[in-house]
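S.K.: Sequence:
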Amino acid sequence: MLLKLGGMRATLSVLAVRRACCQYRSAHTSPQAVEYKPIKKVMVANRGEIAIRVFRACTELGIRTVAVYSEQDIGQMHRQKADEAYLIGRGLPPVAAYLHIPDIIKVAKENDVDAIHPGYGFLSERSDFAQACADAGVRFIGPAPEVVRKMGDKVEARAIAIRAGVPVVPGTDAPISSLQEVQEFSNTYGFPIIFKAAYGGGGRGMRVVREYEVKHAP
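Those letters in the sequence shown? Residues 1 to 218, per UniProt numbering, in order.
Bear in mind the hints are in silico, worked out from the structure with no lab data behind them.
The reader is advised that the hints may include incorrect statements.
[As the list claims (entries may be wrong)] Now the in silico label distances, taken between C-beta atoms and shown as ranges:
#, residue 1, residue 2, range
1, K106, K40, 13 to 21 Å
2, S177, Y212, 12 to 20 Å
3, D173, N111, 40 to 48 Å
4, A96, A57, 22 to 30 Å
5, E60, D112, 18 to 26 Å
6, L61, R204, 32 to 40 Å
7, G200, E146, 53 to 61 Å
8, E213, M77, 45 to 53 Å
9, G121, E71, 14 to 22 Å
10, K40, E71, 22 to 30 Å
11, A198, N111, 32 to 40 Å
Note that the coordinates shown come from a computational prediction; the quantities given were computed from them, not determined experimentally.
No residue lacks a Cβ here, since even glycine has one placed at the ideal position from N, Cα and C.
With these hints in hand, go ahead and build the complete structure from the sequences.
M.R.: Written out as structure tokens, the structure reads:
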């Protein structure tokens, strides 16, 4: 998809998606919602600073904490700060270990974890992880799986924001498929513009274009 770059309007678009997410979630609550017990034990499916901060908050609330760690992270601080810590992703590189949903759910079920906090990065924007938690009867501390999925698709997230009546930056309403569409958009809104992958996250798949240039094959 294409978006017109702009300082204030870009900020408004972020607020728009956040507000739309909240409105969508409240309007689409599943009638078959899982009944959860009170939260007494929280796992953080992450590492480093974010895990430590969540553990600190849980401790202040009297909630027991659970860390997971890869083989390479056995000496990391987040493991020491939790009440319990368990190895995941045996034999896998660090990033792959923290993305190994079956191991994380297994640890949660075997150790009576009531809720899982995804932190940021890793599995935090994965709707299949949120769904796996729900299927296991473990609370996912974050949006419902369907909301995660819809907000992960920039085209659909934009449509939801528009339906919610919140401001968005000028952009295409569907993925672009031709150079002509790009030219028409740039003629209407000018430069700079930005290309975004519909399912790209964390800045992946983004390209800023500041001028139009024709290149001829040699």
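S.K.: Please go over all the hints and tell whether each is borne out by the structure.
M.R.: Evaluated hints:
no. : hint                       : verdict
1   : K106 with K40: 13 to 21 Å  : holds, 20 Å
2   : S177 with Y212: 12 to 20 Å : holds, 18 Å
3   : D173 with N111: 40 to 48 Å : holds, 46 Å
4   : A96 with A57: 22 to 30 Å   : holds, 28 Å
5   : E60 with D112: 18 to 26 Å  : holds, 21 Å
6   : L61 with R204: 32 to 40 Å  : holds, 35 Å
7   : G200 with E146: 53 to 61 Å : violated, 20 Å
8   : E213 with M77: 45 to 53 Å  : holds, 49 Å
9   : G121 with E71: 14 to 22 Å  : holds, 19 Å
10  : K40 with E71: 22 to 30 Å   : holds, 29 Å
11  : A198 with N111: 32 to 40 Å : holds, 37 Å
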